[in-house]
Every structure is written in structure tokens, then in C-alpha cells.
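Peer 1: When we follow this note's numbering, the leftmost residue of the sequence shown carries the number 4, and every step to the right adds one.
Since the hints were made in silico from the structure, they are not lab data. Be aware that a few hints might be false.
As the list claims (entries may be wrong) - Here are the in silico distance ranges between beta carbons for each label pair: (1) 147 <-> 25: 22 to 28 angstroms; (2) 50 <-> 170: 39 to 45 angstroms; (3) 160 <-> 119: 19 to 25 angstroms; (4) 160 <-> 49: 39 to 45 angstroms; (5) 133 <-> 164: 26 to 32 angstroms; (6) 49 <-> 84: 17 to 23 angstroms.
Ideal Cβ positions, reconstructed from N, Cα and C, are used throughout, including at glycine.
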Amino acid sequence: MLIVLAGLPASGKSAIAVRLATELRCAILSVDPIEAALWRAGIDRGQPTGLAAYVVAEDLAREQLRIGADVIVDAVNDAELARQQWRSLAAEQRVAIAFVEVICSDPEEHRRRLETRRRPLAGFAEPTWDAVRARSVGFDGWTDARLTIDSMLSLDENLPLTLGYLRRVREG
């Protein structure tokens, strides 16, 4: 199964990804660390490293799916092209795809999380709150079936909801 997490930066995607991967014993492919690795390798930031990171994640996911493993993709996925990329990969590999949208329903808490998070990604600047809010339009008109979870609930509350959804998607 290809499990695609989507949501604004600092919405809580990575936290649920870690819990899901632990429970399902599968890989997490996170776009931000891949992009940071490209920079460490000397790829100029003026290059389309964000797009490149999605492509690298896709190729790594393809290999995991090819050997029969589940994969979690942890990325904003606010662009229709990104979501189409994952739909195409799932179709190509003949696996189920499950989209999980992670939101933070409290704007003040979401902003606090963004402004206080410190990730171990050398040289990876966090976006501004205005930049994060601007990205929300990328989710307008998204019609894929998906589970939407609110990170204002605890991980202990969201994990069983998400696992139940994934079970239903897997069963078809």
C-alpha cells in the first residue's frame, strides 16, 4: 500500500508518520530531508530541489512497493501534480493508495508549532506563517477519497482512526 500524508507544514504529518511506520513496520519517505540531502551533496538551491526531492521519494517508494512493502510518503502534497504523481505510482505498481490529510484546526496552535519547531535539517529554513497559509489554496478542490485527521487530537486518538482507515482501503 502507498500511504500518502498531505498537509501544511507543521500540521503534524511527521508525528503521525512515525507512529504509523512503527505500527506497520514500513518505510517513511519524507521530502524535506531528501531536499536537505540534495543541498548537502552540493546541488545549488537555485535548482528545483523541491521537485527533485519528490522525484527521489517516488523512485524510492517504487522500489519498496516493488518488493511488497508498504510505504509512507510524508510531504505537503498541496499541488495536484504531486498527488497525481502518487496516484500514477500506485496504479503502475498495482497497489492501493490511501491519502491521509493532516490538519491543525487551531490556527494559533498551528502557528506556534511552526514558529517553535526545530528540525535537524541543516540549512533548511522553516517557512513563514504567511507562506504556510498561502499554500493552503493547493488543497482547494481536492477530490480524492481521504481521511482527514486533526492534530489537535492526540496521536493516541489519531493512530487507531488512521489504522482503521488504512485497513478499509486495503480491503477495498
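Peer 1: It remains to establish, for every hint, whether it holds in the given structure.
Peer 2: These are the hints, each one checked on the structure:
Separation of residue 147 from residue 25 is about 25 angstroms and conforms to the stated range, judged on CB atoms against 22 to 28 angstroms. Range check, residue 50 to residue 170: about 40 angstroms between beta-carbon atoms, so the 39 to 45 angstroms window is met. Range check, residue 160 to residue 119: about 22 angstroms between beta-carbon atoms, so the 19 to 25 angstroms window is met. Distance hint for residue 160 and residue 49: a CB-CB separation of about 43 angstroms, consistent with the stated range 39 to 45 angstroms.
In this structure the supplied range 26 to 32 angstroms holds for residue 133 paired with residue 164, their Cβ-Cβ distance being about 31 angstroms. Between residue 49 and residue 84 the beta carbon distance is about 21 angstroms. The supplied range of 17 to 23 angstroms therefore holds.
Hint violations for this structure: none, all hints satisfied.
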